[in-house]
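Participant: As given, the protein sequences belong to chains S and R, one line each in that order.
Residue numbering for the first sequence follows the numbering used here, beginning at 1 and increasing consecutively.
Residue numbering for the second sequence follows the numbering used here, beginning at 656 and increasing consecutively.
A portion of the hints provided could be inaccurate.
What the hints assert, rightly or not - Under the rule of at most 25 angstroms between Cα atoms (straight-line distance), these lysine-lysine pairs were calculated in the BS3-like manner:
(1) R/K705 - S/K546
(2) S/K384 - R/K691
(3) R/K721 - R/K705
(4) R/K705 - R/K691
(5) S/K338 - R/K721
(6) R/K726 - S/K384
(7) S/K546 - R/K783
(8) R/K802 - R/K721
(9) S/K384 - R/K802
Hints in this document: simulated from the structure, not taken from any laboratory.
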Amino acid sequence: MTRLIGLDALWLSLAVSLFGVLLVPAAIIRRRPEWLAWTRSAVYTNFALLTLAAGAMVYGLVAHDFSISYVAQVGSRATPLLFTVISLWGALEGSILFWAWVLAFYAAAVLWVNRDREGTLVPYASAVILAVAVFFGILLVGPANPFHLVSPVPPDGPGPNPLLQNHILMAVHPPLLYLGYVGLTVPFAFAVAAMLNGEVLQDHWVVLARRWTLVAWALLSAAIIAGMWWSYEVLGWGGYWAWDPVENASFMPWLTATAYLHSVMVQERRGLLRLWTLNLVVATFVLTILGTFLTRSGIVSSVHAFTQGTIGWYFLAFIGVVLVAALVLVAGNSDRLKSEGQLGGVISRDTVFLLNNLLLTAFTFTVLVGTLFPLVAEAARGVKVSVGEPFFNRMTLPICVALLFLMGVGPALPWRGVSNDEARSRLLPPAVGAALALVIALMSGVRMPYALLAWVSAGYAIAAVLREYQRGVGGRMRARGERWLVALVRLVRGNRRRYGGFLSHIGVFVVALAIATSSALRREHEQTLRPGESMSLAGFEIRLDKVSGREEPQRAVIGAAVTILRGGAVLRRMEPRMNFYPTQQSPVPTPDVRSTPAGDLYLTLMAFRPDGTTATIKAIHEPLVPWIWIGGMIVILGALVALWPTPARATEAAA
Amino acid sequence: MTASTTARTRRRRGAGIAIAVLVAAFAWMVFGGLDKNVVFFLTPAELAAKGNDGYEVPVRLGGQVKPGTIKWDDRTRDLRFAVTDGSGEILVHSTGAPPQMFRDGMGVVVEGKYGRDGVFRSSSLMVKHSNEYRAPKAGERPQDMYKTLMQGGKT
Chain S
1 MTRLIGLDAL WLSLAVSLFG VLLVPAAIIR RRPEWLAWTR SAVYTNFALL TLAAGAMVYG
61 LVAHDFSISY VAQVGSRATP LLFTVISLWG ALEGSILFWA WVLAFYAAAV LWVNRDREGT
121 LVPYASAVIL AVAVFFGILL VGPANPFHLV SPVPPDGPGP NPLLQNHILM AVHPPLLYLG
181 YVGLTVPFAF AVAAMLNGEV LQDHWVVLAR RWTLVAWALL SAAIIAGMWW SYEVLGWGGY
241 WAWDPVENAS FMPWLTATAY LHSVMVQERR GLLRLWTLNL VVATFVLTIL GTFLTRSGIV
301 SSVHAFTQGT IGWYFLAFIG VVLVAALVLV AGNSDRLKSE GQLGGVISRD TVFLLNNLLL
361 TAFTFTVLVG TLFPLVAEAA RGVKVSVGEP FFNRMTLPIC VALLFLMGVG PALPWRGVSN
421 DEARSRLLPP AVGAALALVI ALMSGVRMPY ALLAWVSAGY AIAAVLREYQ RGVGGRMRAR
481 GERWLVALVR LVRGNRRRYG GFLSHIGVFV VALAIATSSA LRREHEQTLR PGESMSLAGF
541 EIRLDKVSGR EEPQRAVIGA AVTILRGGAV LRRMEPRMNF YPTQQSPVPT PDVRSTPAGD
601 LYLTLMAFRP DGTTATIKAI HEPLVPWIWI GGMIVILGAL VALWPTPARA TEAAA
Chain R
656 MTASTTARTR RRRGAGIAIA VLVAAFAWMV FGGLDKNVVF FLTPAELAAK GNDGYEVPVR
716 LGGQVKPGTI KWDDRTRDLR FAVTDGSGEI LVHSTGAPPQ MFRDGMGVVV EGKYGRDGVF
776 RSSSLMVKHS NEYRAPKAGE RPQDMYKTLM QGGKT
């Protein structure tokens, strides 16, 4: 019953989306613009139907209805309720269903937010989103159908992949990722709509697309940080980024979306880079589909790519269609998209933004090449190769340092350019911050060249950004006699986009410094201990007390009870564990992390004797790691500040 | 065409050439970097067949642990075993405790370099586990394997 409701809802949703898309050319050819109202109904109906389908799946999971193929694949009676619900996105079919639902949600939200807007832009954009929905609808009734009938009905299932039920962050990271990823369809839809109806030179679509991009970008940023955190807390190697293809898949659209958020400012302020900006929007969308292809087709085997299937060709075909359609549209509009003016002088914010965009594009290109090369090599020459971390680090670390430095130069310079004297007076003072940062880094023991460069660049940029705040606040305090806090709040309120953006930059500096420092000063030690013995690392004494096990409903747990001491005083007790899931031959390591603002002590149980007489413990000391997560939150906070609707803008939008 | 537009076109063309040069240089760097950092994934037979080219370059070696070859020294922390693909086999030396449940016949991937002394020095050892569901056999359940530990009860 549940299965049939879900399946019918999927078929109906596909029909409704297709209808909504086809209405647009019909309305144009037959000159019946009033038909576009039906596209609107199609969007809302599609959202309702997919909500029904996703709801049916969640109900099936919770009710352990093993006649549904997806439930039989990922469900298990022993799995706790929370992990049962979130296994909706634990494997291929469910995650495509979730993706389609998020897409339907965005389509409805875009229509709802812009319900009072006249013209064809919003209906066209909704139709573009529906066209993407048609693709996912085909997947859902075809190769990724989650509602197949299983007969005879099995009494129980294997449960979700153990890696996915080992940590609470798995309830957070995937939804954020999908919301961010799928949200990047919206700016693409607006761009295509504007190219279709000839409004590409007007700025409505730019403003609409920019705000939705910022929403999606903030969600994607949060998802990437949550994914790093998950990898750190769960995988047991004490790292948070490995240039794994699946990490790269989430990172590439983030890079191009970041480039877009900057180039669109040049477009709005200076009327330049229109064609470039449009291409970035298209590239970002294509990269999200490529990312889904990489992660969901099983083409790369990595920790995330736990699904195998035949839907890869569907994705490749869709990517091809999108690329061709977008190229035709962009080429058809390129005459109109000639830039109006010229870039400012060499020392200007224009130049900095241009460099920022070149660097971000080069960054994306590097990651793309490194990610796709093994696939191409295997397909073309039949050799299995992998592109290791050294490639990515060597190619991207210089880009990262340059970007950090530019983040200090950009805010300090005005648009169009300045005289050399003026430039000196703006660019020299933040060098004090760079010097200070260098001293701090050297005193903390950082010696790795790139880590030092990161400190110097970020120090410069932090000083430059703080100086911008200080100039604004100081100006208000002098001109209007406000106290500094009042002046700060009013300053930010007066230009949320600018000061929210700066706040995001500060978050990026925090993340960059934390990554640079934690990788430069990482210390690790592995030792086999008997109960009562201890080892030492970075001033901590790590004593093994006991190895013991316990049974939990869905797994068996072996833990090493460890006491951490410093100078003979007990700091705390920790328990790195190994979780044994009945479906997996190898145990899942479950590290225990002691976090302080100064850094983390990270313990992993590597091995133990079955009789409990020894345990091998790996201890890692990583300074500043918690600041990666904190910095990530600052980035998102900055985006929220920029997005918060001002009363003036709210009335303008309603008018 | 006025003088200023000619200057502008010339400037544009200059910028275009500069960008093309930059892009070409960057692409050259990326592909050059790839060349040096690609790690081949090989089986023991494939690595042996490479002859001289196979020595002292980073390689990922994949295969099964040959039954009866695992030697683990608790004191020196040396782990030695042979990786086989059925036709060839290569001795592997790594440092550090073997992963829990490391055993004969298990799929492994070791990353490291093959020395001219015929020993593969591994810097990282990954156990390849299949994700296919398979009911545990009697005695394979951790509750049975670590019975004495389980009696330690809840901590």
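Participant: For a quick check of understanding: which of the numbered hints are violated here, in increasing order?
Facilitator: 1, 5, 6, 7, 8 and 9
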